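**Student:** The listed protein sequences derive, respectively, from chains A and B.
Counting in full-length UniProt numbering, the first sequence runs from 1 upward without gaps.
Counting in full-length UniProt numbering, the second sequence runs from 1 upward without gaps.
Each hint should be verified, as a subset may be incorrect.
Taking lysine-lysine pairs in the PhoX-like style, the calculated list, with each CA pair at most 20 Å apart, reads [claimed, not checked]: (1) Lys156(B) - Lys167(B); (2) Lys156(B) - Lys167(A); (3) Lys63(A) - Lys63(B); (4) Lys156(A) - Lys167(A); (5) Lys156(B) - Lys63(A).
So the derived list for chain B, only partly shown, Cβ under 10 Å to chain A, looks like this [said to hold, decoys possible]: (6) Asp70; (7) Gly173; (8) Leu184; (9) Glu193.
No wet-lab data here; the hints were simulated from the structure.
Computed from a predicted model, the values in this text were never measured in an experiment.
Each residue gets a CB set at the ideal place from its N, CA and C atoms; glycine is no exception.
There are 2 protein chains.
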Amino acid sequence: MPNRPVLDFWYEFASTYSCLSALRIEELAEAAGVAVRWRPFLLGPIFAAQGWTSSPFNLYPNKGRYMWRDVARRAGRNGLAIVRPEVFPQNSLVAARLALAGREAGWLPAFSTALFRAQFCEGRNIAEEAVLNAALREAGADPASAFPASRSEEVKGRLKAETELAKSLGIFGAPTFVTGDGELFWGDDRLEEALSWAKDGR
Amino acid sequence: MPNRPVLDFWYEFASTYSCLSALRIEELAEAAGVAVRWRPFLLGPIFAAQGWTSSPFNLYPNKGRYMWRDVARRAGRNGLAIVRPEVFPQNSLVAARLALAGREAGWLPAFSTALFRAQFCEGRNIAEEAVLNAALREAGADPASAFPASRSEEVKGRLKAETELAKSLGIFGAPTFVTGDGELFWGDDRLEEALSWAKDGR
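Take these sequences, add in the hints, and give me the full structure.
**Tutor:** Here it is as structure tokens:
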């Protein structure tokens, strides 16, 4: 389809609500006739800039308890069971760099969904090389070239630039959806609204 | 209707998203066959306990900018135009005490919706006596008896007890909906889900 409207999908690999969106966005976007641009970034520097040293779900325990319950309910409605990993939030630096190394080759989305499933449906740690390896293979990528590429200055710079761009757009959490006309929608619960806006405008 | 399931609607008068829910909850609850129990409380002590000295929408400017935009979009879908008041967040202490003074007489919900409209549809300050007065009259209450009642030790104690109960339920923001079986739903965007849970359970 030529000239399909584009929706930017800004996500953080350590984020539960980003996972919920990653596992359903392509089907919904396809139905809406919208193209999704997958844009992993790091929330850590954005949280740190506002004085948070960890996830708000750890800093504010009631909010954290609620989040796990809410995520489980939402996932359940989509037929998914959430497995809470031992480590939360996880270190997502290598995951994000690997994903951006696969941008041109096209395996960025498939790698991302495989990794989200590993983390929040199987309880794995995405900072571990074996977990990253399996997700790369699942996405049809070659770990032997993907890992070195992820450590290149170019890819490291890409992630820094994407995170800076997210910050300059006013993004403060993940997932955030941004339409072609610059409208922001924050949270998995705004995905449908974002797609509708991308398609038809306000 | 006897034995209708009950949904507790915990709200804070200074909260924009509480306003959105207040202005639509009765119609949706009626359609779902659910009875709403209106429970005003104060978020201030709960925010203070986690180190916040103001609304998170003021503490985190990007989050605040987004909130006003999101609230305007959501209100627009319901045919409402939001007017941003000069003061935000407003002092809601007297408003909450007045509302609780009207619990038995039955004008608590009508007073609350009138006050939310004054604040976020007309940009008024709900700490002002004239604004409170008008909302009381609109709800069919007598200001000459409502104000003294709101200053009684009994009503002051009610508000403290309600806020303590909210805290002990794990409530960390507003609006929060709580079903008879103790399920929490946070945010105007969870209202439909909360009503459905109250009606049918999970």
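**Student:** Work down the list of hints and note, for each, if the structure agrees.
**Tutor:** The hints, checked one at a time:
With a CA separation close to 17 Å, the supplied pair Lys156(B) and Lys167(B) stays within the 20 Å bound. Proposed proximity of Lys156(B) and Lys167(A) is contradicted: the alpha carbons are some 44 Å apart, above 20 Å. Between Lys63(A) and Lys63(B) the CA atoms are separated by roughly 16 Å; this keeps the pair inside 20 Å, and the hint holds. For the proposed pair Lys156(A) and Lys167(A), the alpha carbon gap of about 17 Å is at most 20 Å, so the pair holds.
About 28 Å separates the Cα atoms of Lys156(B) and Lys63(A), which puts this hinted pair outside 20 Å; it is violated. Residue-level restraint check for Asp70(B) holds (minimum Cβ-Cβ distance to chain A is 7 Å; threshold 10 Å). Checking Gly173(B) against chain A by beta carbon gives a least distance of about 8 Å; that is within 10 Å, so the hint holds. This hint holds: Leu184(B) has a C-beta 6 Å from the nearest C-beta of chain A, less than the 10 Å allowed.
Annotation: Glu193(B) was flagged as interfacial toward chain A, and the flag holds, the nearest CB pair being 8 Å apart, inside 10 Å.
Taken one by one, the earlier hints fail for this structure at numbers 2, 5, listed in ascending order.
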